[in-house]
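> Chains as they are written, first to last, in the working numbering: chain P, 4 to 314; chain X, 1122 to 1258.
There could be a bad hint or two in this list.
DSS-like mimics (lysine-lysine), calculated; alpha carbons at most 30 Å apart, straight line [unchecked claim]:
1. P:Lys186 <-> P:Lys255
2. P:Lys200 <-> X:Lys1258
3. P:Lys200 <-> P:Lys148
4. X:Lys1258 <-> X:Lys1136
5. X:Lys1171 <-> X:Lys1233
6. X:Lys1171 <-> P:Lys200
7. P:Lys255 <-> P:Lys221
8. X:Lys1233 <-> P:Lys200
9. P:Lys255 <-> P:Lys200
From the derived model, a few chain X residues whose C-beta atoms are all more than 12 Å from chain P [said to hold, decoys possible]:
10. Glu1131
11. Thr1133
12. Lys1136
13. Gln1137
14. Thr1184
What the hints contain is simulated information worked out from the structure, not anything from laboratory work.
These numbers were taken from a predicted model, which means no experiment stands behind them.
Quick reminder that beta carbons are idealized off the backbone N, C-alpha and C, glycines included.
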Amino acid sequence: MELVQNRLKNMSLLNKLIIILGIITVPLVALSTEETPLFDPYISGKNVGLGKSAGLSTTDYNNMIQNPSSIINSTGISLHANQYMDIDYSSIIFSNELNTLSFAVQYLGSSISDINRSVANGTYITEIENSVPYEFHSLSIAFAKNIFGIDFGAGIQYQTLILDDITEETVNEFIGLTFIPSKEARIGFSIQNITPKNDIENALQKEHPIYSTGVSYKLSNFTTAHLAFIYNENEISTHSTVHYGIEQYISKYLPIRLGIDHNRYTVGVGLNLDPFEIDIGWAESRTDIIDDQLTISFSYAFTEKNHLYKP
Amino acid sequence: MCKTIDNFSELTMIKQLIATVLFSIYLNSFVFGTDFVIESIRVGPNSLLKSSGSLIINYVASTSHSANYYLYTVTGELIFQESYDSNLPGITNAGECQFELINNSLIQSFQKQLYVLYIELDNGTSSEQIKKYVIIK
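Let the sequences and hints guide you as you build the complete structure.
Right under this line is the structure:
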């Protein structure tokens, strides 16, 4: 308690103002609508815990799809596993630098092998002794470079969805930029799925572009606050969604995260054993019928620059 | 005289037997509740042709029950919901239940993808939740 009081005393007036504004606006803006943003298997465990608020404005190659410029000064390899509605998704990301050019590659995949094939005769169903194939695969590559003090990134993504004997393929483009107006603040902007795809008919391959912007503000060496606005017509067509998150290091190794993903709560925890890091993110389900969302990420950083905590 | 005594003891034995059976039925339902068993649940056809198919449900229930159906996309969007009261013939009666949950005109408005169907069945004393995958192509 004393530690918290000391930190509040040492905090600048601007930081205190940001916290007060954040506390006031969360119930007014974030929890005011009924629509819930939907599951996205590309979100890392850290960003799930922060309510999708940190994907635009942090240096973290795990956010390469949300903002490809985030891979600059962030190298490593990571594995992600998440489960939603009893469907497992796994992904691997590799990020490195080639001279002054940063690049990252991600593979994400999912499959179900126990969907029973069946035929109907009137209202009678007969199951057949084989299963219906279902697979989803995605391969993405992104490049980023700092030009005139601004981080620019761009990438391309190939997705394929196998539904029994039908295969749907799409190619998406995504771009992003990040600039750093002060030592404490980072602002990011990105567009995913730049070319609209009118013939797409499933929830995993997006039809409309996704516009996102976000800001991260370092309140202290231990605390960072995040705010993001996402306009995703694939999920909510009428307005953008607001995402809040705060990360607090309770020790050098242990960050805890709280977030509001538009209108649902998220919680996360990390274990930072440099260069290894484990992140777990949990997002509340808004209904009793479907499960909560859980994502686990294992990262190995090639350098120590990823970490928000710096002593 | 001896025959009368034999008849009397047989009658007592039958009474005791009936009492034991009734007591065990009562004890069984008191301790374990009324059994609610769902068997042979099938959802299909799988895969379902968007142009011509309708979604059919088949199962056998041990008692009459109420039912709730929820159809979600894999990203968590609820696109269809239906509830049935208890003891509707062919839908929520005890025994075989076979019916069309979603007709083809509604199926035609759905996207071609994987869906998750959640089924909640409740007979008043116990409930079952079942999940099935459905591919519409």
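> Hint by hint, note whether the structure agrees.
Each hint tested on the structure:
At roughly 21 Å between alpha-carbon atoms, Lys186 (chain P) and Lys255 (chain P) fall within 30 Å of each other, so this suggested pair holds. Between Lys200 (chain P) and Lys1258 (chain X) the alpha-carbon distance is near 18 Å, which keeps this suggested pair within the 30 Å criterion. Taking the CA atoms of Lys200 (chain P) and Lys148 (chain P), the gap is near 28 Å; set against the 30 Å cutoff, the hint holds. Restraint check for Lys1258 (chain X) and Lys1136 (chain X): not satisfied, since their Cα atoms lie roughly 64 Å apart, outside the 30 Å limit.
With a C-alpha separation of about 7 Å, the suggested pair Lys1171 (chain X) and Lys1233 (chain X) falls inside the 30 Å cut-off, and the hint holds. Restraint check for Lys1171 (chain X) and Lys200 (chain P): the C-alpha separation of about 20 Å stays at or below 30 Å, so the hint holds. Using a Cα cut-off of 30 Å, the hinted pair Lys255 (chain P) and Lys221 (chain P) holds, with the two alpha carbons roughly 16 Å apart. Under the criterion of a C-alpha separation no larger than 30 Å, the hint pairing Lys1233 (chain X) with Lys200 (chain P) is consistent with the structure, at around 15 Å.
Between the alpha carbons of Lys255 (chain P) and Lys200 (chain P) the distance comes to roughly 45 Å, so the proposed pair goes past 30 Å and is violated. The claim that Glu1131 (chain X) lies off the interface holds: its Cβ sits roughly 50 Å from the closest Cβ of chain P, which is beyond the 12 Å cut-off. The beta carbon of Thr1133 (chain X) is kept farther than 12 Å from every beta carbon of chain P, the shortest such distance being approximately 52 Å. Listed as a non-interface residue, Lys1136 (chain X) keeps its Cβ farther than 12 Å from every Cβ of chain P; the least gap is roughly 48 Å.
Distance check for Gln1137 (chain X) against chain P: the nearest CB is about 47 Å away, which clears 12 Å, and the non-interface claim stands. Against the 12 Å criterion, Thr1184 (chain X) stays outside the reach of chain P, whose nearest CB is about 21 Å from its own CB.
Going through the hint list in order, the structure does not satisfy hints 4 and 9.
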